[in-house]
Amino acid sequence: MHHHLILRVITKLLVGTIILFAFYVQFHGDFSPGGGFQAGVIMAVAFILYGLVFGLNHVQRVLPPWVVHKMLALGVLIYAGTGVWNMMLGGEFLNYNIFSPLHPSHGQHSGILYVELGVGITVTGVMVAIYYAFAGRRPFIGDDDW
Amino acid sequence: MIETLINIALFAMLITTALAIVRMDRLFGVVMLSGVFSLLSAMLFVTLDAVDVAFTEAAVGAGISTVLMLGTIALTSRTEKRHNKRRLVPMLVCVVVGAVLIYGTADMPDFGDPNAPANLHVAPYYLTDSIEEIDVPNVVTSILASYRGYDTMGETAVVFTAGIGVLLILSGLSGRRRREDEEEDEEEQA
Numbered sequence: 001m002h003h004h005l006i007l008r009v010i011t012k013l014l015v016g017t018i019i020l021f022a023f024y025v026q027f028h029g030d031f032s033p034g035g036g037f038q039a040g041v042i043m044a045v046a047f048i049l050y051g052l053v054f055g056l057n058h059v060q061r062v063l064p065p066w067v068v069h070k071m072l073a074l075g076v077l078i079y080a081g082t083g084v085w086n087m088m089l090g091g092e093f094l095n096y097n098i099f100s101p102l103h104p105s106h107g108q109h110s111g112i113l114y115v116e117l118g119v120g121i122t123v124t125g126v127m128v129a130i131y132y133a134f135a136g137r138r139p140f141i142g143d144d145d146w
Numbered sequence: 001m002i003e004t005l006i007n008i009a010l011f012a013m014l015i016t017t018a019l020a021i022v023r024m025d026r027l028f029g030v031v032m033l034s035g036v037f038s039l040l041s042a043m044l045f046v047t048l049d050a051v052d053v054a055f056t057e058a059a060v061g062a063g064i065s066t067v068l069m070l071g072t073i074a075l076t077s078r079t080e081k082r083h084n085k086r087r088l089v090p091m092l093v094c095v096v097v098g099a100v101l102i103y104g105t106a107d108m109p110d111f112g113d114p115n116a117p118a119n120l121h122v123a124p125y126y127l128t129d130s131i132e133e134i135d136v137p138n139v140v141t142s143i144l145a146s147y148r149g150y151d152t153m154g155e156t157a158v159v160f161t162a163g164i165g166v167l168l169i170l171s172g173l174s175g176r177r178r179r180e181d182e183e184e185d186e187e188e189q190a
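So the sequence lines, in the order shown, correspond to chains A and B. Under the working numbering, the first residue of the first sequence carries the number 1, and numbering increases by one thereafter. Under the working numbering, the first residue of the second sequence carries the number 1, and numbering increases by one thereafter.
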């Protein structure tokens with residue numbers, strides 16, 4: 001889409017905003033709608049939009065496939081690791097109270113933050129990976145073909 | 001009153017979109033309309049006060065799946081294949097299943113009924129005690145991430161498995177090999 005000047009300019013303006021919004025949804029999920037899953041999808045949308053307009057090569061230079069593939073597993077590991085960490089501190093699996101024995105609700109806050117981060121990373125990775133898998137099958141379809 | 005009007009308008013648009021999808025041959029239009037369909041369902045979820053669900057539906061249904069569908073038709077075909085088979089049996093199946101579903105809704109509790117089974121089990125406990133125990137204003141988040149942490153971990157694992165599955169089927173090792181070949185070609189050219 002090299003000749004779509006408006007699309008290219010608007011995309012460059014939007015990508016940053018979308019990523020910022022994804023972080024907002026991720027870390028403000030305790031107070032407003034949203035959480036790791038929605039944030040992960042929005043984060044993935046930023047990269048997919050960039051890839052759609054500028055081409056797969058450009059977006060893969062920003063976020064190489066091997067990084068995406070590691071992200072898939074990293075998120076699940078963070079989530080399960082939070083539970084294991086609880087157990088190592090002497091608590092139950094995924095019972096975050098143990099993070100802060102004097103203020104259980106503070107422990108809950110940090111636990112929720114970690115697991116939501118894990119969910120967000122995995123979802124971002126999966127969405128981007130699926131997009132890469134689809135888009136990488138053949139050269140991008142020409143504008144006139146539609 | 002106004003909520004009823006909004007619901008009627010949204011459902012009317014939803015049905016119109018569904019009919020248009022069925023009638024249409026060009027898959028590009030079908031994909032766009034299914035995005036519209038998702039967005040309309042997201043608005044319905046908002047009127048039901050299920051903002052978190054609406055958020056997910058708008059992001060996944062209208063956003064990601066539209067892109068993935070476009071990717072799919074870019075790889076396959078852009079028009080639906082016409083077929084002149086008899087449509088009596090599929091029609092019958094649709095009518096019967098629809099009738100059963102409508103019959104099933106008759107037994108469902110009213111919307112927001114405090115005596116509905118779903119609202120009597122653990123929901124009151126979550127609503128009254130979660131602020132003291134977890135102190136997170138969004139009860140949905142505290143249920144998903146803390147009370148139901150096991151379930152959410154399972155969901156994350158499901159998403160992970162889905163991603164791995166798509167990778168194995170679509171790109172996998174052959175994709176990596178192809179890319180290495182291209183790099184070798186580029187090096188040779190250089």
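Hint data in this document are derived by calculation from the structure and do not stem from the laboratory. Note that this is a predicted model, so its numbers are computed, not measured. Just to be clear, a hint being listed does not mean it is correct.
Stated by the list, open to error - Residues from chain A that face chain B, not an exhaustive set, calculated with beta carbons under 7 Å:
#1 Gly-35
#2 Val-45
#3 Val-62
Claimed, not checked - Only some residues are given here: those of chain B computed to face chain A with a beta carbon under 10 Å:
#4 Leu-48
#5 Ala-58
#6 Val-60
#7 Pro-90
#8 Leu-92
#9 Val-93
#10 Val-159
All residues carry an ideal CB built from backbone N, CA and C; glycine is no exception.
Against the structure, the hints:
1. Gly-35: Hint on Gly-35 (chain A): holds, closest Cβ of chain B at ~6 Å, below 7 Å.
2. Val-45: 5 Å, holds
3. Val-62: Where the cut-off is 7 Å and the nearest Cβ of chain B is about 16 Å from Val-62 (chain A), the hint is violated.
4. Leu-48: At about 13 Å, which exceeds the 10 Å cut-off, the nearest Cβ of chain A leaves the hint on Leu-48 (chain B) violated.
5. Ala-58: 9 Å, holds
6. Val-60: Holds, because the Cβ-Cβ distance from Val-60 (chain B) to chain A comes to roughly 6 Å (cut-off 10 Å).
7. Pro-90: Check failed: Cβ of Pro-90 (chain B) comes no nearer than 29 Å to chain A, outside 10 Å.
8. Leu-92: Since the shortest Cβ distance to chain A is 36 Å, the answer is violated.
9. Val-93: Hint on Val-93 (chain B): violated, closest Cβ of chain A at ~31 Å, above 10 Å.
10. Val-159: The hint holds - Val-159 (chain B) has a Cβ within 10 Å of chain A, the shortest such distance being about 5 Å.
Going through the hint list in order, the structure does not satisfy hints 3, 4, 7, 8 and 9.
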